[in-house]
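S.K.: FYI, the numbering for the sequence shown is 744 to 1045, going by the working numbering.
Be a bit skeptical, because a hint or two may be false.
Cβ pair distances, simulated, as ranges [claimed, not checked]:
1. Ala760 / Ile1010: 31 to 39 Å
2. Trp822 / Ser908: 19 to 27 Å
3. Gln1034 / Glu928: 18 to 26 Å
4. Ala1042 / Ile1010: 41 to 49 Å
5. Ile843 / Phe868: 30 to 38 Å
6. Ile1010 / Arg921: 31 to 39 Å
7. Trp822 / Ala760: 34 to 42 Å
8. His973 / Met922: 14 to 22 Å
9. Ala758 / Ile1001: 23 to 31 Å
What the hints contain is simulated information worked out from the structure, not anything from laboratory work. The beta carbon of each residue, even a glycine, is placed where N, CA and C say it ideally should be.
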Amino acid sequence: MSDPKLSTDALPDRALAGIGLMLAAMFAFSLNDVMGKWLVATYGVAQILLIRSFAAAAMLAPAISRIGWRAVVVQDRPWLHAARAICSTAEVAFFYWAVIYLPLADAVAFYLACPIFVTLFAIVFLKEQVGWRRWLAIVIGFVGVLVAVNPTGESFTWPALIALSGTILFAGLNILTRMLANTNEVALVSWQVASALLFGLLVAPFRWVTPSLFDFACLCLLGIVANLAHMGVNRALKYAPAAVVVPYQYTLIVWAVILGYLFFGDIPRMNVFIGSLIIVAAGLYIFMREQARARERAAKAS
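Based on the provided sequences and hints, a complete structural model is requested.
M.R.: Put into structure tokens, the structure is as follows:
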């Protein structure tokens, strides 16, 4: 029999490992964003998605082989899977499209609002009950979005609307993922990769730029690094409770500011900085309320 004291003492180490994995994953996503912003200056969005998705598909191949192609293709609600895959492809395309024109931190700031839109969509589409505290957090979060977008000033541009649209699509992706929570994870990712591949195959030939060997390697790295980052997030959530590791996802904005300045000389506008702080505060509060409600439900069920 294992020593109970040893098991208890091991818990802080697992939590630290989870935090470390989450921080590493967010840094990997940030590096991916930097590579994407750099590459999109030369290559079209569809071409980037095409090559990135081929690399991601190569990584997925062993997992697909293990579960069998029928477990991926044959699904109970194929149209729901298709809608989720389209949202996934569109939100990535919109992000790359936005960073052609926006500083990296600006684009990331809009994506920080995703938990706010997810909560709102859960009310509308999943009929979730939300108390006045979370409604207040949603309203405050929208104030943060308005501050970041600055609809009365020069920040209110088409690129800002593109980034905001990408955020809404990302929230839709999250809601559809909740609705398909019982689906095998490999199948979910495979549908996403297949959608991006199809989009790239259809659109990329209209604006094809033959990449150098170095650029091709970087384009492939986009898919590989993104997959590794997603794996890091999943493993972090296995090592530590969501309440411990999820707040560290907001380090994305820190890395976006630092890396955007180092690689592109981007300096985020003050309204984006202030809006980001408001959005992060609202998002963290929504997350903490959801955790508290989950504990309450668990206590009632026990």
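S.K.: Each hint: holds or not?
M.R.: These are the hints, each one checked on the structure:
1. Checked against the hint of 31 to 39 Å, the C-beta distance between Ala760 and Ile1010 comes to roughly 35 Å, which is consistent with it.
2. The given range of 19 to 27 Å is respected by Trp822 and Ser908, whose C-beta atoms sit roughly 22 Å from each other.
3. Remark: the range hint 18 to 26 Å for Gln1034 to Glu928 is upheld by a beta-carbon distance near 22 Å.
4. Here the CB-CB span from Ala1042 to Ile1010 is close to 48 Å, well matched to the stated 41 to 49 Å.
5. The given range of 30 to 38 Å is respected by Ile843 and Phe868, whose C-beta atoms sit roughly 31 Å from each other.
6. Taking 31 to 39 Å as the suggested C-beta distance range, the pair Ile1010 and Arg921 conforms, at roughly 37 Å.
7. Between Trp822 and Ala760 the Cβ separation comes to about 39 Å, which falls inside the hinted range of 34 to 42 Å.
8. At about 19 Å, the beta-carbon gap between His973 and Met922 stays in the expected band of 14 to 22 Å.
9. Separation of Ala758 from Ile1001 is about 26 Å and conforms to the stated range, judged on CB atoms against 23 to 31 Å.
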